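Trainee: So you can see what is in the structure, the chains are spelled out below.
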Amino acid sequence: DAKTTQPPSMDCAEGRAANLPCNHSTISGNEYVYWYRQIHSQGPQYIIHGLKNNETNEMASLIITEDRKSSTLILPHATLRDTAVYYCIVRPPYGGATNKLIFGTGTLLAVQP
Amino acid sequence: DTGVSQNPRHKITKRGQNVTFRCDPISEHNRLYWYRQTLGQGPEFLTYFQNEAQLEKSRLLSDRFSAERPKGSFSTLEIQRTEQGDSAMYLCASSPRDSQETQYFGPGTRLLVL
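For the protein sequence lines, the chains are Z and G, in the order given. Take the first sequence: its position 91, counting from 1, is numbered 91 in the working numbering, and each next residue is one higher. Take the second sequence: its position 16, counting from 1, is numbered 16 in the working numbering, and each next residue is one higher.
These are computed hints drawn from the structure, not numbers from a lab. Predicted model only: the values in this text are computed from it and were never measured. Errors might be hidden in some of the hints.
Under the rule of at most 25 Å between Cα atoms (straight-line distance), these lysine-lysine pairs were calculated in the DSS-like manner [said to hold, decoys possible]:
1. Z:LYS100 - Z:LYS69
2. G:LYS71 - Z:LYS100
3. Z:LYS3 - Z:LYS52
4. G:LYS57 - G:LYS71
5. Z:LYS69 - Z:LYS52
6. Z:LYS52 - Z:LYS100
7. G:LYS57 - Z:LYS100
8. Z:LYS3 - Z:LYS100
9. Z:LYS3 - G:LYS71
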């Protein structure tokens with residue numbers, strides 16, 4: 001079973017910031033939070049990941065709460081090409097008991113023109 | 001392009017036939033994963049390899065499924081005696097040998113069993 005909870009869908013206006021929430025209240029101390037997205041009929045695309053600190057890269061920012069029980073993925077200026085299903089996943093670090101990613105059903109982000 | 005590649009991208013077959021898919025991981029990635037995705041669901045883990053060793057298999061991987069990675073580079077996934085329930089997207093991912101071990105996915109092979 002997925003260890004995360006995400007809203008099934010969200011809308012965002014083009015050019016505005018998209019803030020996608022994820023709840024992972026049972027996360028363990030050494031588990032990372034990963035975000036992937038999947039554009040229709042394509043393979044999942046890695047976006048960003050973090051452990052405790054907030055992270056930023058060229059695609060997005062990841063804000064993790066201090067208690068690590070939830071996080072938010074921020075796309076600062078959403079475009080139509082950002083329309084996709086976004087998956088939030090928690091997983092142990094390298095060398096953990098398992099290396100598989102457990103996907104839930106994700107959040108379908110629809111960017112509106 | 002140096003990403004994960006998968007072939008074929010699409011496969012239509014008749015029930016009872018055997019099919020084989022190929023995955024070429026990113027160069028020097030020592031871990032390779034197979035996932036399956038049905039319509040409206042997230043990908044589900046099937047199996048993974050570290051180099052040529054198959055280290056974990058999901059219960060989803062029935063006896064009709066077999067995966068190999070003979071030289072620790074490309075991998076094949078074979079489905080024997082296909083059933084309509086095998087219709088899905090089959091995804092391959094690879095990850096490097098480092099502390100983060102981020103998995104990078106290929107475009108997938110979409111299988112339709114008639």
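Trainee: Hint by hint, say whether it matches the structure.
Mentor: Tested hints:
1. At most 25 Å may separate the alpha-carbon atoms for a hinted pair to count; LYS100 of chain Z and LYS69 of chain Z meet this at roughly 21 Å.
2. Of the pairs offered as hints, the one joining LYS71 of chain G and LYS100 of chain Z holds, with about 22 Å between alpha carbons and a cut-off of 25 Å not exceeded.
3. Between LYS3 of chain Z and LYS52 of chain Z the CA atoms are separated by roughly 17 Å; this keeps the pair inside 25 Å, and the hint holds.
4. Simply put, LYS57 of chain G and LYS71 of chain G have alpha-carbon atoms about 19 Å apart, close enough for the 25 Å limit, and the pair holds.
5. In summary, the hint linking LYS69 of chain Z to LYS52 of chain Z is supported, as the alpha carbons are separated by about 11 Å, within the 25 Å threshold.
6. Distance hint between LYS52 of chain Z and LYS100 of chain Z is fulfilled; the C-alpha atoms sit about 21 Å from each other, no more than 25 Å.
7. Restraint check for LYS57 of chain G and LYS100 of chain Z: the C-alpha separation of about 10 Å stays at or below 25 Å, so the hint holds.
8. Taken as a hint, the LYS3 of chain Z and LYS100 of chain Z pair is honoured in the structure, with Cα atoms around 13 Å apart against an allowance of 25 Å.
9. About 34 Å separates the Cα atoms of LYS3 of chain Z and LYS71 of chain G, which puts this hinted pair outside 25 Å; it is violated.
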